[in-house]
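Residue numbers (the numbering used here), protein chains in the order written: chain L, 1 to 203; chain Y, 204 to 411.
If you are wondering where the hints come from, they were derived from the structure by calculation, not from laboratory data. No residue lacks a Cβ here, since even glycine has one placed at the ideal position from N, Cα and C. Please note that a few of the clues may not be correct.
[To be verified] Covered stretches of chain L, as calculated for chain Y (at least 3 residues, CB under 8 Å):
#1 53-66
#2 76-88
#3 98-105
[What the hints assert, rightly or not] Quick list of simulated restraints, FRET-style, between CB atoms:
#4 L:Arg92 with Y:Ile399: 29 to 39 Å
#5 Y:Met227 with L:Ser133: 29 to 39 Å
#6 L:Ala179 with Y:Met224: 46 to 56 Å
#7 L:Ser134 with Y:Ile399: 37 to 47 Å
#8 Y:Leu231 with L:Pro51: 53 to 63 Å
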Amino acid sequence: MTLRPHIASLAAVPPEPLTVADLACRRGDRLLFQGLSFRVDPGAALHLEGPNGSGKSSLLRILAGLLAPAGGSIAGGGSRGFLGHDVALKPRMKLGEELAHWARLDDGRQLLPAAMAAMNVAALIDVPCKHLSSGQRRRAGLARVLASGADLWLLDEPTAGLDTASAALLASAMAAHRAGGGMIVAAVHGDIGLAAPQRLQLG
Amino acid sequence: MFLTLVRRDLTLIARSPALWMPVMFFVLVAALFPFAVGPDARLLGRIAPGVVWVAALLAALLPVETLVAPDLEDGTLDQLASRGIAMELVAAARIVAHWLGFALPLLAALPVAAVLVGMDSATGWRLALALLLGTPALAALAVVAAALTAGLRGGGALAGLIILPLALPILIFGVAAATPGALKLLAAASLVSVAIAPFAAAAAMRQD
Chain L
1 MTLRPHIASL
11 AAVPPEPLTV
21 ADLACRRGDR
31 LLFQGLSFRV
41 DPGAALHLEG
51 PNGSGKSSLL
61 RILAGLLAPA
71 GGSIAGGGSR
81 GFLGHDVALK
91 PRMKLGEELA
101 HWARLDDGRQ
111 LLPAAMAAMN
121 VAALIDVPCK
131 HLSSGQRRRA
141 GLARVLASGA
151 DLWLLDEPTA
161 GLDTASAALL
171 ASAMAAHRAG
181 GGMIVAAVHG
191 DIGLAAPQRL
201 QLG
Chain Y
204 MFLTLVRRDL
214 TLIARSPALW
224 MPVMFFVLVA
234 ALFPFAVGPD
244 ARLLGRIAPG
254 VVWVAALLAA
264 LLPVETLVAP
274 DLEDGTLDQL
284 ASRGIAMELV
294 AAARIVAHWL
304 GFALPLLAAL
314 PVAAVLVGMD
324 SATGWRLALA
334 LLLGTPALAA
344 LAVVAAALTA
354 GLRGGGALAG
364 LIILPLALPI
374 LIFGVAAATP
384 GALKLLAAAS
394 LVSVAIAPFA
404 AAAAMRQD
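If we strip away everything but chain Y, and leave its shape as in the complex, we get:
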């Protein structure tokens, strides 16, 4: 059941014309920063992890309007609920599919982004590990915000306002991932977000 739902969500993501948008966006933001702050390699190297994390957060937010709203409008959630399928399961499947759809391409594009912001390879590897731990939380928060704002006009902008404060712990520990302690805190914060998100999203999706 769960795998059927995940596979379905992945198929829909793969057919979407916006499939490559988050990763393109991620690379473009990384490319933009050297132009904005100038070619000072030391400065760039220092802010690089922060730049990558902000870019990843915005990339996770990009498809937020397509995560839940279409299913609410076209009756898909009704069909699932009338079959007695728990909305928590639907939300969890959506989180997994969204993570696979945006975070994996993003990790693949990380070397490109790392070169663009002048990151050395040791930092790059640590950042990759931090992204691997932290992006599930970004996907989970995006699905929660999508569920909360589905059916509202301007839902996407509102979703951004909901996610950004909640994503702060992930961002703080993610950028500080150079120290092992921060990595553990990042994993903990990520785990909490992923564990709570299906229930929060389901509560919002069960509106009548």
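So that you can see chain L by itself, here it is in the shape it has in the complex:
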């Protein structure tokens, strides 16, 4: 599974649908899920639902290529943008430096200003990351996903710690991503503002 052969612009070539067949995940001795099959088309979104420990985060990590599945196959989905529980911001670096670094790795420097504006972090670029609140860190992590230009967003409880206004920003960013042919798979508890999501119940 090559994850990011090249950052394609969304409009140029629509990404292949994400197709998951007969996926199984084992953590230690425990079988979290097996026989999992689903498909996410360009422009579609999938809610992963289920109690704590049912394997939502593990499934996202498998889709992001961070964890090897115990069985099954994954095809398509294009390039990945992943936001887990840990937002990977270094305490002594300024937020602007952090986002610029990741944008450089993603070759997404021209997308960064719009991404920072969309998640309302443009005013925070001179703030060292250790002084950011958890909601601000979350927004920064989401801005990094936006700036990556990835086809498939893999979001682990993206609204955790966000206030109402920020959640609305996320909702419109996700809508714009889907309108451009992007895909979203999100682990959620309740509603995160995705229109007409597919749902997958784990556990």
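Knowing the structure of chain L, use the given hints to seat chain Y on it.
The following block gives chain Y in isolation, referenced to the frame of chain L:
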């Protein structure tokens, strides 16, 4: 890509409050030895290269807990891996940055340490060359040990136990650098360590 990763690691090292710790440690160990073994100049002169090498090894080990563990805990490795960036590349960049961050200041401080242990200048120059050849291996071993012990409690102490036996060839040939043959063996041992280390460290960093 590689240069971006190295520059990033160097920036993080430069911002770290522990930036000067390894080189301070190196000088302090060198200063301590004359007090410990007494002011016999001949004895000091004979053990001086060994003292400097042990001090360099310990200095390379000092920041071992900050080399990989923070990236594992804060999700940085996840972000890199989800971009399809090879962990071997990440580990190699880390080795280069760690070497620049600890070995260059250490070489700069070598004249001070040489005076403290009463080394003559000919030995000092040979030792500088030996350190230049051998310290990349110390940096590589430190990154491997850091990757192996990241996420473990007391990882730093364990990393020390892992590195010390592996560093023996570097130490032996490094101290014997007065002879040209030893210098070549030192270069060879160093090259092997540096060549293998990114793959060993990457295997440890790819844990799930």
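query: When the hints from earlier in the document are held up against this structure, which numbers fail?
result: Violated hints: none at all, because every hint is consistent with the structure.
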